[in-house]
Amino acid sequence: MVHINQVELTHFKSFGGSMAIQLEPSFTVVTGPNGSGKSNILDGVLFCLGLATSRGMRAERLPDLINSAVVRQGKAAEMVVTVRFDLADWRPDPAEEGLEAPAEGPWIQPGQREWSVTRRLRLAPGGTYSSSFSADGVACNLQQVQGQLRRLRVDPEGSNVVMQGDVTRIVSMGSRDRRGLIDELAGVALFDSRIEQSRAKLDEVQERQERCRIVEQELLASRLKLERDCAKARTYQDLRQRLLEGRLQHQVLSFELAQRQHSELGSRRLALTRQQETDRAALTVAESALQEGAARLALLQAEVKALGEDSLLAVQAELAGLEASGRELARQSERHQQEAEQLQSRRHGLQQQKEDLRCQQLASGREGDGGEALEQAERACRSAEGAVELSRRRLGEVAGRSSSWLEEQKQRSQRRQALQAQLTPLLAEQQQCGERLRQEHDRLVELGAELAHGGSTDQASQQGQQALQAEAQALELQLQGDIRQIQELSDALALQQRTRTRLEQEQVGLEREIARIESRRDTLQESRGTGALRLLLESGLEGIHGPVAQLGEVEERLRLALEVAAGGRLSQVVVDDDRIAARAIELLKTRRAGRLTFLPLNKIRGGGPGRGGAALERGRG
385 MVHINQVELT
395 HFKSFGGSMA
405 IQLEPSFTVV
415 TGPNGSGKSN
425 ILDGVLFCLG
435 LATSRGMRAE
445 RLPDLINSAV
455 VRQGKAAEMV
465 VTVRFDLADW
475 RPDPAEEGLE
485 APAEGPWIQP
495 GQREWSVTRR
505 LRLAPGGTYS
515 SSFSADGVAC
525 NLQQVQGQLR
535 RLRVDPEGSN
545 VVMQGDVTRI
555 VSMGSRDRRG
565 LIDELAGVAL
575 FDSRIEQSRA
585 KLDEVQERQE
595 RCRIVEQELL
605 ASRLKLERDC
615 AKARTYQDLR
625 QRLLEGRLQH
635 QVLSFELAQR
645 QHSELGSRRL
655 ALTRQQETDR
665 AALTVAESAL
675 QEGAARLALL
685 QAEVKALGED
695 SLLAVQAELA
705 GLEASGRELA
715 RQSERHQQEA
725 EQLQSRRHGL
735 QQQKEDLRCQ
745 QLASGREGDG
755 GEALEQAERA
765 CRSAEGAVEL
775 SRRRLGEVAG
785 RSSSWLEEQK
795 QRSQRRQALQ
805 AQLTPLLAEQ
815 QQCGERLRQE
825 HDRLVELGAE
835 LAHGGSTDQA
845 SQQGQQALQA
855 EAQALELQLQ
865 GDIRQIQELS
875 DALALQQRTR
885 TRLEQEQVGL
895 EREIARIESR
905 RDTLQESRGT
915 GALRLLLESG
925 LEGIHGPVAQ
935 LGEVEERLRL
945 ALEVAAGGRL
955 SQVVVDDDRI
965 AARAIELLKT
975 RRAGRLTFLP
985 LNKIRGGGPG
995 RGGAALERGR
1005 G
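The opening residue of the sequence shown carries number 385 in the working numbering; numbering runs sequentially from there.
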């Protein structure tokens, strides 16, 4: 038999220090004078096991149980009570086979020899207090301790502890109260209380079941709505994700294009810078060459002036006049030569004519006419010879003059050629210098234009580069904003997913709760006889009409009153006679389907003839 073998008290009521009281197997009673603290030992056991309140232990509050010498104004205090059980004769209930120990809280193991319960009461300086339980050093609460005490057959509602005055009260109590006490000691009252608790829990469960059914319907409706919203949200998220990916891809491509353009502009800028430096160097070289050419041109011009530019111009003018006179003399010489040739041909013609005339004169013999003609011809010939001679002299004079002129012209031509030979390289060099000067000037203009264009291009490239840098910074900011927006959307999506998971878990929990409640309802219905009645109806046994609740009908306003008045009798089954009732009872015993109360119609005494049959017919209709 399980019994207490030791009680340890520390600062409990009249026990100022720590005391361990051994309760040996031969223990019978604790004796002592009044006020020695005999009842405080029992109060300590009740306090430790939680079997009584503070009033039951003759105290207004729990802190009043602490020893008054320990409690001081404004200081903390602590009281400890430990009860140790001897479990040498204890055996677990066979119904506990297969049960696993709970993950938290105490649990008495099979074969355990001893078990202790400790309760601490701490009083704070402000007057507040706290109470804690522990079993075998494991922290627990009062319900867990009482659960283990029930395994030891120590019930908080039972009469395991007999207090002062209980014997007198039992002797003087009535038969009804004494019967209740006997039922309590026998354990019957425990079952009655458990039945009442079960009924109360059943009503509570039915109420919770109705609430859960309403909540289930609401959750199903909200679930359908949430599923539709979830599908729309998923579609929206997919489209938004695709849109964001497209935007990001477009931004990345734009950023890469801007980077390439930036690189190209940078390389172009470097090339233009190098070209500008090259052009500046070439311009410097060209300017130095131009300065050298200008210096050489000035030197040549000085040399030309030194050679006598004025005399050169006079000689050139004189040469031009001599050339014109030479050309005029050449034309006159040619004309005189032509006249001489004409005269010569005319002379030859006249001589020929003279010879012809002479021959004709000889042939014809006419002397007279021929002589005159001959004389005329001779005169004409002499005049022609004279003209020819004159022309010859004139031609000779002209030839002499022409030879002198030609000689002088030749000398002047030689002099002109010499001057021309000296002047030609100078003119060529002057022309080359002028051409080079013009080319250098054109090159200088081109270089200036290129330099200006290069400056404008460089400025434009710098502006373009700055614009690209600004655009790149804007793209980076936009990209960071998109990343933050994506992060926010991801957080929102994660929150929605967590909410959905939580709702699904709650739904699963509610479904399990509903299934458990339905199973309990079925079990309760089976225990109430619904299963047994269904078995009888399915067995095909004739003469069974059904429960009273299904056979009668009343007005709606009287239904609740009838249910309250009839109570459990509404579930009694109506049969034709007691023979059918006996057969039904035998069937239920054979099948072990439960118990039912039968109402045979042949045993019912009605208020008038045929009234029960009419009611039965109405119930069937």
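Treat the hints loosely; a few may be bogus.
Said to hold, decoys possible - Listed next, the in silico DMTMM-like pairs over lysine to aspartate or glutamate satisfying Cα-Cα at most 20 Å (straight line):
(1) Lys585 with Glu781
(2) Lys422 with Glu408
(3) Lys794 with Glu781
(4) Lys616 with Glu897
(5) Lys987 with Glu926
(6) Lys987 with Asp961
(7) Lys422 with Asp550
(8) Lys422 with Glu392
(9) Lys987 with Asp960
(10) Lys459 with Asp448
(11) Lys609 with Asp960
(12) Lys973 with Asp961
(13) Lys422 with Asp448
As the list claims (entries may be wrong) - Label pairs and their calculated CB-CB ranges:
(14) Glu580 with Gln527: 16 to 26 Å
(15) Glu781 with Gly705: 33 to 43 Å
(16) Arg799 with Ala686: 18 to 28 Å
(17) Arg896 with Leu483: 14 to 24 Å
(18) Val413 with Pro540: 16 to 26 Å
(19) Gln625 with Thr512: 32 to 42 Å
(20) Asp613 with Thr512: 25 to 35 Å
(21) Glu488 with Glu890: 16 to 26 Å
(22) Leu954 with Gly927: 32 to 42 Å
(23) Glu588 with Gln527: 16 to 26 Å
Calculated directly from the structure, the hints in this document are not laboratory data.
Quick caveat: nothing in here was measured; it's all calculated off a predicted structure.
We put the beta carbon where it would ideally sit given N, CA and C, even for glycine.
Structure-based check of each hint:
1. Lys585 with Glu781: violated (173 Å)
2. Lys422 with Glu408: With a Cα-Cα distance of about 17 Å, the restraint between Lys422 and Glu408 holds, given a limit of 20 Å.
3. Lys794 with Glu781: holds (19 Å)
4. Lys616 with Glu897: Violated, because 30 Å separates the two Cα atoms, which is more than 20 Å.
5. Lys987 with Glu926: Holds - the C-alpha atoms of Glu926 and Lys987 are around 18 Å apart, at most 20 Å.
6. Lys987 with Asp961: holds (7 Å)
7. Lys422 with Asp550: holds (17 Å)
8. Lys422 with Glu392: Given that 20 Å is the threshold and the Cα spacing comes to 14 Å, the pair holds.
9. Lys987 with Asp960: holds (9 Å)
10. Lys459 with Asp448: Distance of about 15 Å is within 20 Å: holds.
11. Lys609 with Asp960: Violated, at roughly 54 Å.
12. Lys973 with Asp961: Measuring from Cα to Cα gives roughly 19 Å; hence the hint holds.
13. Lys422 with Asp448: holds (18 Å)
14. Glu580 with Gln527: 16 to 26 Å: holds (19 Å)
15. Glu781 with Gly705: 33 to 43 Å: violated (22 Å)
16. Arg799 with Ala686: 18 to 28 Å: holds (24 Å)
17. Arg896 with Leu483: 14 to 24 Å: Holds, at about 21 Å.
18. Val413 with Pro540: 16 to 26 Å: Holds: the Cβ-Cβ distance is about 25 Å, inside 16 to 26 Å.
19. Gln625 with Thr512: 32 to 42 Å: Because 57 Å falls outside the window, the suggested range is violated.
20. Asp613 with Thr512: 25 to 35 Å: violated (50 Å)
21. Glu488 with Glu890: 16 to 26 Å: Holds: the Cβ-Cβ distance is about 24 Å, inside 16 to 26 Å.
22. Leu954 with Gly927: 32 to 42 Å: Because 20 Å falls outside the window, the suggested range is violated.
23. Glu588 with Gln527: 16 to 26 Å: holds (18 Å)
In summary, the structure is inconsistent with hints 1, 4, 11, 15, 19, 20 and 22 from the numbered list given earlier, while agreeing with the others.
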